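Protein sequences, first through last, are from chains A and B. Start counting the first sequence at 926; every next residue gets the next number (my numbering). Start counting the second sequence at 13; every next residue gets the next number (my numbering).
Calculated directly from the structure, the hints in this document are not laboratory data. Errors might be hidden in some of the hints.
As the list claims (entries may be wrong) - No farther apart than 16 Å at their CA atoms in a straight line, the calculated lysine to aspartate or glutamate pairs in the EDC-like style are these: (1) B:Lys150 / B:Asp133; (2) B:Lys98 / B:Asp84; (3) A:Lys1099 / B:Asp67; (4) B:Lys251 / B:Glu235; (5) B:Lys150 / B:Glu134; (6) B:Lys122 / B:Glu94; (7) B:Lys79 / B:Glu94; (8) A:Lys1099 / B:Glu94; (9) A:Lys1099 / B:Glu70; (10) B:Lys141 / B:Asp200; (11) B:Lys29 / B:Glu235; (12) A:Lys1099 / B:Asp91; (13) B:Lys206 / B:Asp41; (14) A:Lys1018 / B:Glu70; (15) A:Lys1105 / A:Glu1090; (16) A:Lys1105 / B:Glu115; (17) B:Lys251 / B:Glu238.
Computed from a predicted model, the values in this text were never measured in an experiment.
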Amino acid sequence: MNTKLQNKIAITIIKAIAIMVVIILAFLIGRILLQGLPHISWHFLTSPSRAFTAGGGIGPQLFNSLYLLLLTLIISFPISLGAGIYLSEYAPKNGITTVIRMAIEVLSSLPSVVVGLFGFLLFVVQFKLGYSILSGAIALTFFNLPLLTRNIEESINSVSNLQREAGLALGMSKWRTVNKIILPEALPGIVTGIVLSAGRVFGEAAALIYTAGQSATNVNFSNWNPFSSTSPLNLMRPAETLAVHIWKINSEGIMPDATAVSAGASAVLIIAVLVFNLMARFLGNYLYKKMTSAETK
Amino acid sequence: MNEFITTRDVHLYYGSKEALRGVNLDFPDKGVHALIGPSGCGKSTYLRCLNRMNDLIENVKITGSFKINGEDIYGPKTDTVELRKKVGMVFQQPNPFPFSIYENVTYGLKLSGIKDKQLLDERVEMSLKQAAVWDEVKDDLNKSALALSGGQQQRVCIARVLAVRPQVILLDEPTSALDPVSSNLIEDMLLTLKEQYTIIIVTHNMQQASRISDTTSFFLNGELIETNETKHIFLNPEKQETNDYLSGRFG
Ligand SMILES: Nc1ncnc2c1ncn2[C@@H]1O[C@H](COP(=O)(O)OP(=O)(O)OP(=O)(O)O)[C@@H](O)[C@H]1O
Ligand SMILES: [Mg+2]
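Here chain A stands alone, though its shape is the one from the complex (with noise of 0.2 Å):
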């Protein structure tokens, strides 16, 4: 066989793969937002779920979700960031860090399912936190900590070296190359990394099942005092999310019109996680050419 016949069935072989995983795809989004759009309401969208009756949304749902997400970027963000810089600028390069970096691996490639289970056994029994938000939130952030920090770490490693050369030749420190020179540059990889874990986050369900909990207890959305238990900021009440209400729903839902509450809570999710895509890219872009454009002020 020639050469050039072999790279001809190579490439139909490759596309014909791509296009069927796009279809796939295209099929699964197309479905879920054919099913699920026609329910979505401002109705849906902001009042609270029944359990018998027909008729309920998904509010409390979306605004936990929402609030789990921020919590655990808050607990995540800042540990994640320290790492990562810790690894790219200062770490030796010796068995100890050797060690962090296959823990972080390991980490990374926990079933979200098991980082669940311990974070129930750890957080909820042993710490006696119970089924809450700041349960679900450490859970979380087990779950995020090590693909944020791999990001990072590798978005402050593709700075060119030139750079830290030219801030040390400068005169400056190692610590300000860092932060006013090298954090600046890796910023659109970095932020690009958040939204994109945010997204990700967003959709989790199973370890949240047994730490944030199955149950969106009564709030009261003009309470917004942190430390009344009514209060939807609220840490300690369990926080039933979009992604654990959907599995919810569809395992052991009994109200009445359950599967349309289940489709259009799909769609939600779905049409979330896209918009956080769109937003890591666009916002990944908008940094980088405001970084390196023409105008800097």
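Since chain A is already given, all that's left is putting chain B with the ligands on it; use the hints.
For chain B with the ligands alone, coordinates are given in the frame of chain A:
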């Protein structure tokens, strides 16, 4: 000659590899001094000892004595930050920060705590003029330095170094990534700067070395073979190796 920079018995090891094997080399105050030699002979390594950039590399061992104006570069009391303000460096690839031209040039000054806008403005204009790039950028100082051509970027990088008023400027093949016109601009600029600064330049371009430098040092395999006035080195070198290298027999 009254020596401004003196280095004695310099050995440098990258791990177990000896990259400098006992170099003794001095530079007088002011003027342009060229370091030449085949690729891998240790020119950059030697140059980077003078502002301690080699400290950044893991597993480097440096021995010998290095003095600038009598002060020990590797002394226990030497502050690398202060040292690098005194000994500026320009690299082979232009490496402006991803900020505006103005910010690039004032960065080192702001670092030393200078905030007076008028003084900053003055220094920017003066440094960019010295670096022969003022006329090209004076109307868009707020433009990102990354939007400039490679040759302009390199001159802005030189201005960035000049702005902090160093005594010594190290240049590691500063024109090898540039077009001939930009290279000529930089060569002419170095010729005017040499009245005020001690300039040490690594170059692979023999014409460049002979055109702009006052003294030339020839390195080979981590050793200094010969150092002398540039005319002398190019017209009648004392060592056979130098002669072979200059006549293109190796390297
Ligand atoms: N970071 C490093 N780690 C290990 N070895 C190095 C390192 N940097 C340089 N070397 C080695 O040290 C020797 C001298 O390198 P150096 O960069 O000083 O050469 P050079 O004369 O500047 O060459 P060129 O003209 O190609 O720039 C080379 O053999 C090189 O492989
Ligand atoms: Mg070199």
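Hint-by-hint comparison with the structure:
no. : hint                  : result
1   : B:Lys150 / B:Asp133   : holds, 11 Å
2   : B:Lys98 / B:Asp84     : holds, 13 Å
3   : A:Lys1099 / B:Asp67   : holds, 12 Å
4   : B:Lys251 / B:Glu235   : holds, 13 Å
5   : B:Lys150 / B:Glu134   : holds, 12 Å
6   : B:Lys122 / B:Glu94    : holds, 14 Å
7   : B:Lys79 / B:Glu94     : holds, 14 Å
8   : A:Lys1099 / B:Glu94   : holds, 14 Å
9   : A:Lys1099 / B:Glu70   : holds, 15 Å
10  : B:Lys141 / B:Asp200   : holds, 13 Å
11  : B:Lys29 / B:Glu235    : holds, 14 Å
12  : A:Lys1099 / B:Asp91   : holds, 13 Å
13  : B:Lys206 / B:Asp41    : holds, 10 Å
14  : A:Lys1018 / B:Glu70   : holds, 9 Å
15  : A:Lys1105 / A:Glu1090 : holds, 13 Å
16  : A:Lys1105 / B:Glu115  : holds, 12 Å
17  : B:Lys251 / B:Glu238   : holds, 7 Å
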